[in-house]
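Colleague: Going down the list, the protein sequences come from chains H and R.
Under my numbering, the residue at position 324 of the first sequence is numbered 324, and the numbers go up by one with no gaps.
Under my numbering, the residue at position 130 of the second sequence is numbered 130, and the numbers go up by one with no gaps.
In case anyone wonders, no lab produced these hints; they're calculated from the structure.
Any given hint could turn out to be false.
Heads up, simulated DSSO-like pairs for lysine-lysine below, C-alpha to C-alpha not over 30 Å straight-line [unchecked claim]: (1) H:Lys139 - H:Lys271; (2) H:Lys184 - R:Lys138; (3) R:Lys140 - H:Lys237; (4) H:Lys207 - R:Lys140; (5) R:Lys138 - H:Lys237; (6) R:Lys79 - H:Lys341; (7) R:Lys104 - H:Lys341; (8) R:Lys104 - H:Lys184; (9) R:Lys104 - H:Lys107.
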Amino acid sequence: MLILGIETSCDETAAAILEACPERSRGVKKSSFKVRSSVVLSQINIHCRFGGVVPEVAARKHLENVLPVVDQALREAKTNWPKIDAIAVTRGPGLITSLMVGVQTAKTLSYIYNKPLIPINHLEAHILANQLTNFDLNKNLPAISLIVSGGHTELILIKKIGRYQIIGQTLDDAAGECFDKVAKILNIGYPGGPIISQLAKNGHAAKYPLPRPMIDQPNFNFSFSGLKTSVLYFVQKNGRPEKKALNDFCASVEQSIVDVLASKTIAAAKKFKAKSITLGGGVAANPKLREQLGQRIKTVLPNTKYQIPNTEYCTDNAAMIAVAGYYNFKKTSKSSWANVKIDPNLSL
Amino acid sequence: MQLTSHSEKETIKLGQKLARQFRGGEIILLQGNLGSGKTILTKGIAKGLGIGRIINSPTFVLIKIYPVPKKRGNKKVGKQIKYLVHADAYRLPQGEQLLDAGLKEYLGRQDTVVVVEWGERLRFLTKKLTGVKSIRLKIKNNSHQIII
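All chains should be built: construct the whole structure from the sequences, respecting the hints.
Modeller: Printed below as a string of structure tokens:
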């Protein structure tokens, strides 16, 4: 079957065509997926100069771009509307005005072309992005999934696909938000994550002793506000680090964030006897996090599988929305579009 | 009125106290730098309203809406308050943009308490609406000062 995915929850306008082949062998259902096309139009360049996403600008850009992006996805997949079996769209969480554009577009397309519409939770899509690899979550349960992005830092226990339990989350700032805010304090640009990560490559992570908030607390919650404040106080006292010192400083900040994320994830996997650990979300594209979490799992939990999506499916994309659509397909019908509503605060 | 807090706990307690005076329709503009305790004070306000959920930063999504549970331990709290709206203008140098992002719908509603971080950017509301209150947060000599 072919599923069209649409994603507009923040500042990426994305559409993708996913080919899903359900198979049954020896009673175990396994499905294979082929991304026929995945178009992502980022507004990063537009929002850079504001130091973040401007909602009204984002919504207007989504509105301009969404139909051309859908057309391009169809074209690149060499397919057309009659062959599409269903439409999947992000209904939350995200920016209210951005979500509205995607959902209204999807509802309209669903009505005109008479295709079932599947409302998707953006967080579930980040978890299921891993199904786009050879990995099958169904065979590696229970699993612990760490979803880290600009708006999220959540540790999720997965007992089966569709049943998720948030076992830990940030009590203040999200990991990606911490990267952004630190980058703003250091005045090095937006978005903070990739810029800090790039500078960190040539720096020594042990140079600046920064806090690792809540790392020793026996729970799975995170806090990054204190780290941000430490950076602010440091800069107020010593001035902005320059050149080599800036690289070292960025490496130290990145290491602090990675340490907290990795140690909490591993602790959660131990406690819930997870067979696999998966990553997802924009910050999951961070090379240091990908590498160091992998190394630690290898040493501490050698029998636990470690699965990360390709970086293109970590940051917001519509292929993951279509995959989530596949797993939620049964819950929908051709007239269900009328009941789809956005929910900016949607939880798992 | 100027209050001093020496810890997160104290700031949360202050927030709880504040919330007990709310009757619905309040728009609280929190003004203070990074790390001055805006989110912590909001946590306290939420706690005071009887909200059990984790309150974290709304910077990314701009607006978070928390339903206030009907049955609350503290009966002093305004009964008609149904929602706490936690908004953040950090990413929006022009505060009006936050209104366009959906905040407008919640302003002036008697069943809602609105708390805005980086509220200095929305000070223009003071002249337009009733119920707008400014709270300034400052760090001085290692303690947090909260000016109401």
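Colleague: Run every hint past the structure and note whether it holds.
Modeller: Each hint tested on the structure:
1. H:Lys139 - H:Lys271: holds (19 Å)
2. H:Lys184 - R:Lys138: holds (20 Å)
3. R:Lys140 - H:Lys237: holds (15 Å)
4. H:Lys207 - R:Lys140: holds (29 Å)
5. R:Lys138 - H:Lys237: Holds - the C-alpha atoms of Lys237 of chain H and Lys138 of chain R are around 17 Å apart, at most 30 Å.
6. R:Lys79 - H:Lys341: holds (29 Å)
7. R:Lys104 - H:Lys341: Holds, because 19 Å separates the two Cα atoms, which is no more than 30 Å.
8. R:Lys104 - H:Lys184: holds (28 Å)
9. R:Lys104 - H:Lys107: holds (25 Å)
Comparing the model with each numbered hint stated earlier shows that all of them hold.
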